[in-house]
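Each chain is listed here by its residues.
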Amino acid sequence: MKRVYLDHSATTPLRVESREAMMPLFGDIYGNPSSVHGFGQEAKKHLEDARELVAKCLNAARPEEIIFTGCGTEADNLAIKGIAFANREKGNHIITSQIEHHAVLNTCEYLAKNGFEVTYLPVNEGGRVRWEDVAAAIKPTTILITIMHANNEVGTIQPIEEIGTIAAAENKRRAALGSAVWLYVHTDAVQTAGKIPLDVRAMGVDLLSISGHKFYGPKGVGALYVKKGARIQPILHGGHHERNLRAGTENVAGIAGLAKALELAIMDMDHEQKRLGVLRDQLEAGIIQQVPSLKVNGDTAHRMASVTNISFAFIEGEGILLSLDLAGIAASTGSACASGSLEPSHVLKAMGVETTLAQGALRFSLGHQNTAEDIAYVLETVPPIIDRLRSMSPLYQKTVKS
Amino acid sequence: MKILVAMSGGVDSSTAAFLLKEQGHEVVGATLRLWHSADDKYRPGGCCSLDDIYDARRVCDFLGIKHYVLNRETEFRRDVVDAFVSEYLSGATPNPCIVCNEKIKFRMMLSDALALGFDTLATGHYARIERKDDCYQLVVGKDPAKDQSYVLYRLGQSELSHLLFPLGNYTKKEIRAMALQAQLPAAQKPESQEICFVETDYAAFLKSYLPDYDARVRPGPIVDPSGKIVGRHRGLALYTVGQRSGLGLTTPEPVYVIRIDVETNTLCIGPKAQVHAASGSVKYVVWIAGSPPSFPLRCTVKIRRLHQPAPATLTREHDNQVLVAFDVSQPAVTPGQSAVFYAGDIVIGGGIIV
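So the sequences go chain by chain: A and B.
Note that the first sequence covers residues 61 to 462 in the working numbering.
Note that the second sequence covers residues 481 to 834 in the working numbering.
Mixed in with the good hints, there may be bad ones.
Stated by the list, open to error - Only part of the chain B face toward chain A is listed, based on derived beta-carbon distances under 7 Å:
#1 515
#2 595
#3 596
To be verified - Now the stretches of chain B that chain A is said to cover, found in silico as 3 or more residues with beta-carbon under 8 Å:
#4 622-628
#5 770-776
Don't read these hints as lab results, they were simulated from the structure.
These numbers come from a predicted model, not from an experiment.
Where a beta carbon is used, it is the ideal one built from N, C-alpha and C, also for glycine.
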């Protein structure tokens, strides 16, 4: 059976160059990078080469601003809890949005249970946070704004640069007033790294999370950009690794793989994102043309090139997902981390998509190995599946009759 | 055939999937996710816990087949759990597995299977489906000790025509041996007979589930056949017709719950003889063939899972309700339980005891 993978927002296949970059570190180079001896130094060289490369990719001012973690979720946790706990005597207010990934939402919820005040900003019907709302939510006690760079379910890109500007103005204002409370900006860029140019200085962020396996690197490794001078404390305690911010022997192989993958994704970016945009548009247009009663979710003017999220009325996304899987096509009903729950997506809910449409949502996310042939196969497979599911849906029968 | 197998993670459904795969069918496993307790604490057993979903997945991995989890928590809560609670509050003793089979497993899961493009849904029940002329018959399983036809009596022709019970022609012992032989991961897993959403006992469940438990389950009088108050009960929902222990009474002769009167919040007790009933009405009656037989009808009637079917005559009371007159009176004809009608080995129908 033909197999088509259209779930690149969940994870991506490892690219060969990333694997090659890791192989020596699974072999002869096995020293502990913290060790003093030659074995350790060899490993340390790979670690620091990777750090420099990632710093360059993100346009960080210095390599030490890159902290390697075990995954994107850990990077988010370190950023949010690390800033919150280190600055709690200065302020306890955090601003985030209703459409964040659970790595951010649940971390904020945890902080809310531990003495912090959290504002969850709404989004417009296109799934974008309004920068005006961010500005209006800032209080003297606000210490952190954490808004994702692009949403993982619908692909909408958030106005991070505007938010960076707002925070910079607020910090300037506070300094003029003699306040010592710094307002930090964190962005979860797990979905955008390697797909949209990231420049931490142009974006005006203090912290930025990425995850290796979303851009054809290995799983089990992430990184957090922490601007020099940021007041932050670790969430894992132990040895003096990663500028005392992340204890634990570094996953040197994974880190080398992440750096290589990020470098190559950025080199390919222009060409690849253009190519994926064309395929995505063909897929979307083809489905719209063949299937009635559907809705494309998310502001298409501010959207990642590789993602489309479509709600099919009258049926459940889960049924479409399983039917597609049986036909060899891998898609998703939303976040892989929320699988198994039939709760309508919190993202679509925040966008005001009505519950029945939210339950019929399906995400296709494209990547490297996808071809025009793949899209043609999906376009010939999807419509009959939707027809069959609708023909058995009581909701559809009722609507058609009335 | 393309077959979806309902997998519980136990030895029966695992062996069913194994058998169908061996027969060369295109097999996919699916487990219903129906319930998780509010506090998500570790809870062994039951037929739909997260542990069981894990076990089912591991069996499918072993068999090299796909496995899906179908979430029906909302429907399960609405159609099975809430109904279970309201039955208890109305003084009856419900059998939620029968409702789950009718409304969730063999309605929703079967329609899910057909919608996904499968021809058939298979389960690990010990019962047989036989086709006679144009009619599908539900027949008891080969293993009399394990027969599960009782909990399947609400299936109709449209369900039976798309169902497969691969274990119907085997005994439990044979299935267990087959599972061991095939080294199925579930081969040694113990049986679970409990109600999947009830952790310890149903009384504790009602207490934790009902926000207004204290208002709904109130203590009241226990009266003997002469009408004399002989004690206090803890709330009618905690008692079942035929129950002997747990009444908190000291009497010269053993006494039993003979009736539950919700209107007066009274528990009526009496001697063993009064627990027996010669007849009872049965409501919400369904017929496997799809239409009622001609009355009066001679058959045998089974009034709970472990009851030996007893000879009886059925007469029509009104639509979907029949009167069962036993040849010999039977102990504990319990409201809320199902009465299932058999013609020899064949299930002809059944309903809920009034």
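Legend entry - Numbers of the earlier hints that this structure fails to satisfy, in rising order: 1, 4, 5
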